[in-house]
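Residue numbers (our numbering), protein chains in the order written: chain A, 1 to 398; chain B, 399 to 863.
One should not assume that every hint holds.
[To be verified] Derived lysine-lysine pairs resembling DSS-like cross-links, with alpha carbons at most 25 Å apart:
id: 1; chain 1: A; residue 1: 268; chain 2: A; residue 2: 307
id: 2; chain 1: A; residue 1: 13; chain 2: B; residue 2: 652
id: 3; chain 1: B; residue 1: 513; chain 2: B; residue 2: 523
id: 4; chain 1: B; residue 1: 523; chain 2: A; residue 2: 13
id: 5; chain 1: A; residue 1: 45; chain 2: B; residue 2: 434
id: 6; chain 1: B; residue 1: 514; chain 2: A; residue 2: 307
id: 7; chain 1: A; residue 1: 307; chain 2: B; residue 2: 582
id: 8; chain 1: B; residue 1: 791; chain 2: A; residue 2: 348
id: 9; chain 1: B; residue 1: 521; chain 2: A; residue 2: 307
id: 10; chain 1: A; residue 1: 79; chain 2: B; residue 2: 652
id: 11; chain 1: B; residue 1: 523; chain 2: B; residue 2: 434
id: 12; chain 1: A; residue 1: 79; chain 2: B; residue 2: 523
id: 13; chain 1: A; residue 1: 79; chain 2: B; residue 2: 521
id: 14; chain 1: A; residue 1: 9; chain 2: B; residue 2: 434
id: 15; chain 1: A; residue 1: 348; chain 2: B; residue 2: 434
id: 16; chain 1: B; residue 1: 791; chain 2: A; residue 2: 13
[What the hints assert, rightly or not] For each label pair, taking beta carbons as the anchor points, the in silico distance ranges come out as:
id: 17; chain 1: B; residue 1: 686; chain 2: A; residue 2: 321; range: 29 to 37 Å
id: 18; chain 1: A; residue 1: 263; chain 2: B; residue 2: 612; range: 47 to 55 Å
id: 19; chain 1: A; residue 1: 290; chain 2: B; residue 2: 708; range: 31 to 39 Å
id: 20; chain 1: A; residue 1: 321; chain 2: B; residue 2: 664; range: 30 to 38 Å
id: 21; chain 1: A; residue 1: 323; chain 2: B; residue 2: 700; range: 27 to 35 Å
Treat the hints as calculated values from the structure; they're not laboratory data.
The C-beta atom is built at its ideal place from N, Cα and C for all residues, glycine as well.
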Amino acid sequence: MLRLEDYEKIIEKCSHCSYCQSTCPSYLVEQSESSVAKNRLLIIKEMLMHENLPFTPRAQEILDDCLLCTNCTQTCSSKVPIDDIIIATRIKIGQKGVGGIKQFVMGKMLTQRGLTGALGKAGSVAQKIGIATKEIPQLASKSFDKMYSGTYTPAGTVKKRVAYFVGCGTNFIFPDTGEAVVKVLNHNGIEVIIPKGQVCCGIPALAEGDLEGARSMVETNIKLFAGLDVDAIITDCTSCGMMFKEKAAKCLSNDDPLQEKIATVTAKIWEVTDYLQNQGLEVPPGRLDITWSYHVPCHRGWSPTVKDAPRQLLGQIPDAELREFDIPEQCCGGAGTYFMEHREVAEKVRALRLQDINNTVSDVILTQCPVCRFYIGFQVMDREVTHPIKILAQAYGL
Amino acid sequence: MQGLVKDLATLLGPTQILSQPEEMLAYANDATHYFKSRIPDAVVLPHTTEEVAKVMKYAFEKEIPVTPRGAGSGLAGGCTPVHGGIVMDLKRLNQIVEIDGSNMTARVEGGVVLKKFQDTVEKRKLFYPPDPQSGCVCTIGGNVATRAGGPRGVKYGTTGNYVTGLEVVLPDGSIITPGGKFVKQSVGYDITHLMTGSEGTLGVITGVNLRLLPLPEADRTVIVVCETLEQAAEIVAEIIARGAVPAMLEFLIKLAITIMNQYFFPPLPTDGEGYLFMFFDGTEAQVEYEAKLVSEICHDMKAKEVRLIEDPRAAATYWTARANVYPLIQTIFERANSEDITVPRNKLPDLVRAVQEIAAAEEVMIGLAGHAGDGNMHPSILFPQVTPEALEKSEIAIDKLIRTGLDMGGTISGEHGIGIHKSKYLAWELGDIQIELMKRIKQAFDPKGIMNPGKIWMEDGDKHA
Ligand SMILES: Cc1cc2nc3c(=O)[nH]c(=O)nc-3n(C[C@H](O)[C@H](O)[C@H](O)COP(=O)(O)OP(=O)(O)OC[C@H]3O[C@@H](n4cnc5c(N)ncnc54)[C@H](O)[C@@H]3O)c2cc1C
Ligand code: SF4
Ligand code: SF4
């Protein structure tokens, strides 16, 4: 239930091995052990759980500076669910009345998905209340849900049926990803159902400690998807996938009647390239003379295969050549809405990422996260940054 | 201590000093956090040797203790600031200064992370073998200061075998550069290797010259399942006696395998008691031959199963899991105290038997995992619950373990160092004369006793753990 009290025992499992230091982006920029997952746990333990020390503004700042990228949790060999503990802390602090504005901006507004331009509004509200950044993603002229909804049946035999959860990134900013998802799935004999009434997956709200907001979004989405007679539920966004797979159940109490429905959705959720790779392509892709690099999104820990899926899938395109980054998995700093409120840290994290990007020559950068796509894209002028499914669509000539 | 923070901020600039309580928490101990920890009065984060020297000069004048710190991944409490004062975080000295392929040498700053360095040299087909399992975070300065080693010790030795020169800031702030880029030297006392293993008590290591090897072209991983622990230990002794030289030869018990199995598809069988993970490297012909020879030895000695792992990705998974054994163990026990006994390799079967006897007699759980190939075992006392009674029993068991290891002609620490947690046993191994000599050496380097005080030997009446 993401209640801080529930983590009192598990937080003791931190063995102080410091392994998390090797992947924590906030450590990378601060280069001080005070800004590493291990110390965030110590602050939570000493200042909020046991209250041995007073909780100070600087401690709050150290916790706020966490990008919730989950790299520490993935690295932690003692399996401490660090990001959950930090979310639980934010929920607890939120209850004390901190972070209300942030909650309003990203949490409450995205629930009203029907409202075109929620994100645009969020951007302008963000600017008004001084958490501005010059870099706010441009909204698409027409959101994906205005163009696509209902059932899309492939021309030949229907091999599989999937439901498509359309995240906010695809819906408002990159509807091109959504189009490619539908076309590529159909091309491979997979029927796609896009239920009406979907809302934000809830991860931005949760990251702000807005449990109520996240829970209501989870409830809406789960009710919409759980009853569908489909083989799989697809998302093109790794963060939405993580929310469904790992976090949704934690937004409700263990004995909530909705848990059963959440479990059915959790069992079926796939990132689209991961699903296609797992199923095997029905139709071999055509030749595409392109070099591509792959920026692996941070929220990959929920599927053991999602980070290799684009490599294997696009590896089947004749002439398409992967040019690996030095560190394919290095965080870009965008982190949902983090880059708006923590501009300085985010830009430093990105600057480190850009060194690697600029040292790697390729025609296009691919990533399954819309935030990485625009946040890297703001600074990369020589290449397009896009979703791997779009390259597959291109190879199919779709 | 307000004056201290102010002075340091003037010396280095405010962004290189930490002093808030929420920042200090991170610097109070190392990976042995369950022992006594101590909040430092300030942390300094220098970028250069000159900045290190400035701080040392100041601390020397004011007689303030300074504790050097790499990644804080140590397993002996070495970077715990037992007397408070300044903790010096050296991770910002993170430049790989030179990789000289024609000389097969490299020069790094003291805070360079081991894995980053290894990845960098391997891209140039060069090889830096020392491999403490904490490589993703530990620093080369920390490795030198603890004389760290790892599974590859059996074939390639440990950090000390690769250090050819250092840059050291002495406690009074002066800078020396013992040794150098050359691979041999016969000029007076070998200060380079005196510093190696000095655990931050003689000076701050700011630069390291290292020897490199060519990257082996091929490798093989072999996993052996044994009926009993004794059988596993006897196989190790036999492999060494028959002249086979695996690059890694790791010993694990069933308990470790059951938790490591979450990494493996399909999982390893759990019907054996002892397990050996072996790695061979060299030319294709060489690894082929050695893997075959060792497989034959294992079959001859009636091992339950011998698995040759062909797929390099699968092999890598086995070794990743191996690197995570110690933290993984902590997920199921409330605590695991890892010891570092090393014995002559033909004594391994005796040691394994003795460990089981001690565990039974003292009613404690002792896990065994270690670099068996070089005789370095890490018996770990496993606490399902930490109670005063369990702690008392564990202390008796550890005393017995250490005594047993020493009686076999072994040592109390193969690679972790003494720090504070093994100081109790120092006299058992070295005797008073050697310890007195060491103290006089310390006095010569550090007349005011400010350099990582309270480490290696016990202070009168002190009981840190
Ligand atoms: C999960 C895990 C597995 C491990 N596996 C191994 C293993 O296989 N083999 C092994 O040998 N060790 C192992 N260790 C122990 C540890 O990683 C090593 O001792 C390592 O060398 C410590 O490096 P560090 O940078 O973390 O140093 P720290 O822990 O920060 O310091 C260790 C000691 O060195 C001193 N020191 C550090 N840097 C400097 C410097 N630049 N100049 C002077 N003194 C300095 C400190 O004062 C302290 O006394 C393991 C630890 C963990 C947590
Ligand atoms: S979630 Fe990311 S930023 Fe936060 S502590 Fe973990 S690794 Fe660091
Ligand atoms: S990796 Fe996990 S166990 Fe190790 S220090 Fe970080 S949080 Fe603690």
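Problem - Violated hints, by number in ascending order, as checked against the structure - result: As far as the earlier hints go, 4, 7, 8, 11, 12, 13, 15, 21 are violated by this structure, in ascending order.
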